[in-house]
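Note that the protein sequences, when read in sequence, are chains L and X. Per UniProt numbering: the first sequence ends with 235, consecutive numbering throughout. Per UniProt numbering: the second sequence ends with 410, consecutive numbering throughout.
Among the hints, a few may not be true.
[What the hints assert, rightly or not] Output of the computed footprint for chain X on chain L, the stretches with three or more beta carbons under 8 Å from beta carbons of chain X:
no., region
1, 44-52
2, 77-83
3, 112-122
[Claimed, not checked] Straight-line distance between alpha carbons at most 20 Å, and here's what the computed EDC-like set of lysine to aspartate or glutamate pairs gives:
no., chain 1, residue 1, chain 2, residue 2
4, L, Lys226, L, Glu54
5, X, Lys156, X, Asp170
6, L, Lys140, X, Glu15
7, X, Lys224, X, Glu174
8, X, Lys228, X, Asp76
9, L, Lys140, X, Asp24
10, X, Lys156, X, Glu119
11, L, Lys80, X, Glu405
12, L, Lys141, X, Asp24
13, X, Lys152, X, Asp188
14, X, Lys156, X, Asp141
15, L, Lys182, L, Glu28
16, X, Lys152, X, Glu83
17, L, Lys141, X, Glu15
18, L, Lys80, X, Asp188
19, L, Lys182, L, Asp210
20, X, Lys168, X, Asp106
[What the hints assert, rightly or not] Here are the in silico distance ranges between beta carbons for each label pair:
no., chain 1, residue 1, chain 2, residue 2, range
21, X, Trp22, L, Leu21, 32 to 42 Å
22, L, Asn133, X, His400, 38 to 48 Å
23, X, Gly392, L, Glu5, 34 to 44 Å
24, X, Ala290, L, Pro13, 36 to 46 Å
25, L, Asp63, X, Val293, 18 to 28 Å
26, X, Phe396, L, Leu68, 24 to 34 Å
27, L, Asp77, X, Ala297, 24 to 34 Å
28, X, Phe396, L, Asp77, 11 to 21 Å
29, L, Leu68, X, Met388, 35 to 45 Å
No lab work stands behind these hints: they were computed from the structure. In this text, all values refer to a predicted model and were calculated from it rather than measured experimentally. For every residue, glycine included, the Cβ atom is placed at its ideal position computed from N, Cα and C.
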Amino acid sequence: MLHIENLTIRRGPDYRIALPLLSLQRGEVAAITGASGCGKSTLLEMIGLILRPETLDSYRLGDSATALDIADLLHEDRQKALADIRARRLGFVLQTGGLLPFLSVRQNIELPRRMLGLSVASEPVEDAIERLNLAPLLAKKPGQLSIGERQRVSFVRAIAHEPDLLLADEPTAALDPIQARKLFELIIELVRRWRIAALLVTHDWDLVRDCGIRNLVGVPDDKAPKGGTVFHDAA
Amino acid sequence: MTQPETRARRRLLIELAARDLWHDRKVSLCIVASLVAVIAPLLLLFGLKYGVVSQLQQELLNDPRNLEIRVLGNYDLDRAWFEQLAARTDVGFVMPLTRSLNTQADLMRDNQRFVANAEVIPTGAGDPLLGGTLAAPTAIDQVLLSASAARKLEVKAGDRFRLLVLRKLDGENENGHLDVTVAGVLADTVFPRPAVLVSLDFLVAMENFRDGFAVPMLGFTTGKPLEKPRDRYARARIYARGLDDVAPIAAWLEQANIETNTRARDIESVKAISRVLGLIFAVIAWTAVAGCVASLAGAFLANIDRKRKDLALLRLLGFRRGATGFYVIVQAALLTCLAFGLGYAAYFVGSLIFNAALGANLADNAFVCRLENIHILLAFASALLIAMLVAGVGGFRAIHIQPAESLRDL
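Bound conformation, chain L alone (with noise of 0.2 Å):
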């Protein structure tokens, strides 16, 4: 599903974060763990395509047979086309939800099927919007929503358009650790249902232990002379 290969992105004149490699299947979920500072965010916002790399030999989404490699976009700097890309095939959760305010709860959530000019109506978003307890918020504006309920709507938003790689920055930075176990459940659940990967950046290593998933860990790069950050599976 999401196949990368020496990847490096430079941060500021002189950091340097690495992925060597990484591959995901459908189905699965990684973390993205490391210090704070370290750039998890930062390799988030490469894997969603919006930072260019400064070395990337490999990146492919989808299934082998038809997957598409960005690399080239990515240096080449094809903005559309990745514009393009992160529409269709990338899925978005923001640490308080980042949803527009001007829409109601249903609306943030048809946004990307409409972007697409697909039909709103949708099997997999009603279910999840059954599945959060989101029916009685559908007509609210997100400044009636709490931060957990926020999360949740962000959720179903990232998933509605059923994106090849759902990608979440800190989904459970704002929650109690109750309810964020919860979403990280369901998140887990969901992405093996709907057999999507997902990417989620937390500083939460119990909740990865407890979930039993695939925890990719960034720590100093030996490597980098003026410092930096490699993320590898940790063992």
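Chain X: place on chain L using the hints.
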């Protein structure tokens, strides 16, 4: 991205822009109010300028004498000269005229109803004196009368009276006469003095009679026989097509050493009023527009800064860079349309008040404050253009907002 997808996204973007404005309606209304505060007074001011000037111009145009270039003295004008004059695009009407002494006749219905020395004026199709409502006489015994002549003779269209022309031939007084039918009566305001409008042939026959030729039409076969038809005239009746055309025609005639008299001074006064009002309007308009541009630029740019996260989120969700610029411009267009609608409504109410309060002494259908549809359209296009230009600056900033901004600092 396919064409239908592009259209769908554009529609979605317009909808989002409108919803955003409605959600932020207090700020939107402030921007609209600042636009209305410029648009409405400018429409009223221009409406007043146009209304006053067009009213004065209309008053000038309503009196055909203002378009007349009167030829003073007698000349020897041939057919080619008349053709050359008629070919000018600024000439509205031209008609040969005989010597001034021969353009008078007595009009008599009976011994009680008589007009001495009425002016005899040759007329034809397109004569401004006919006002577009009366037809020029088609037969030699058909005439039109000025209102004052008709009153004195107590005649109306269809009545008959006698036209008398006196000459002295070989020491004998001879009274030429022709019974004529009134084909119509001119409006009172068009020609205040007693006058009869006849065909050119009849006027020429009168002059021939006075010059001692035999003119059986007027009842006399005495005098010299007429050898060939007339093709030279002493004067001309000349009317310009519009007020601005009077001065050029007069100048052209004076270049040919033909002395003229016009109402150029009256026309020039109206033009001077137009120029002064135009200058006042221009100064106020430019000041207002400059203030409006500064206010709009501040409002739009502040708005973009406020909505930076939302715009970044749209980019993150897959809207392209240009889409965020388009989003800002659509919002500016929507606000301008609303502001122009309200501004126009304010102008409409204001113009009704002006017309009711200041136009009470004017004739029917006269306006103190007035705008044509083309003015409204141009004003709308200008307002939209200014808003688009200002929003374009904001749009330029918006397209540089990075999707990452939605991920950070939330």
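Structure-based check of all given hints:
no.: 1; hint: 44-52; in the structure: holds (count 5)
no.: 2; hint: 77-83; in the structure: holds (count 3)
no.: 3; hint: 112-122; in the structure: holds (count 5)
no.: 4; hint: L:Lys226 - L:Glu54; in the structure: holds (15 Å)
no.: 5; hint: X:Lys156 - X:Asp170; in the structure: violated (38 Å)
no.: 6; hint: L:Lys140 - X:Glu15; in the structure: holds (18 Å)
no.: 7; hint: X:Lys224 - X:Glu174; in the structure: holds (14 Å)
no.: 8; hint: X:Lys228 - X:Asp76; in the structure: holds (17 Å)
no.: 9; hint: L:Lys140 - X:Asp24; in the structure: holds (16 Å)
no.: 10; hint: X:Lys156 - X:Glu119; in the structure: holds (18 Å)
no.: 11; hint: L:Lys80 - X:Glu405; in the structure: holds (18 Å)
no.: 12; hint: L:Lys141 - X:Asp24; in the structure: holds (13 Å)
no.: 13; hint: X:Lys152 - X:Asp188; in the structure: holds (13 Å)
no.: 14; hint: X:Lys156 - X:Asp141; in the structure: holds (15 Å)
no.: 15; hint: L:Lys182 - L:Glu28; in the structure: holds (18 Å)
no.: 16; hint: X:Lys152 - X:Glu83; in the structure: violated (37 Å)
no.: 17; hint: L:Lys141 - X:Glu15; in the structure: holds (16 Å)
no.: 18; hint: L:Lys80 - X:Asp188; in the structure: violated (75 Å)
no.: 19; hint: L:Lys182 - L:Asp210; in the structure: holds (12 Å)
no.: 20; hint: X:Lys168 - X:Asp106; in the structure: holds (16 Å)
no.: 21; hint: X:Trp22 - L:Leu21: 32 to 42 Å; in the structure: violated (49 Å)
no.: 22; hint: L:Asn133 - X:His400: 38 to 48 Å; in the structure: holds (40 Å)
no.: 23; hint: X:Gly392 - L:Glu5: 34 to 44 Å; in the structure: holds (43 Å)
no.: 24; hint: X:Ala290 - L:Pro13: 36 to 46 Å; in the structure: holds (44 Å)
no.: 25; hint: L:Asp63 - X:Val293: 18 to 28 Å; in the structure: violated (54 Å)
no.: 26; hint: X:Phe396 - L:Leu68: 24 to 34 Å; in the structure: holds (32 Å)
no.: 27; hint: L:Asp77 - X:Ala297: 24 to 34 Å; in the structure: holds (30 Å)
no.: 28; hint: X:Phe396 - L:Asp77: 11 to 21 Å; in the structure: holds (19 Å)
no.: 29; hint: L:Leu68 - X:Met388: 35 to 45 Å; in the structure: holds (38 Å)
Checked against the numbered hints above, the structure breaks hints 5, 16, 18, 21, 25 and satisfies the rest.
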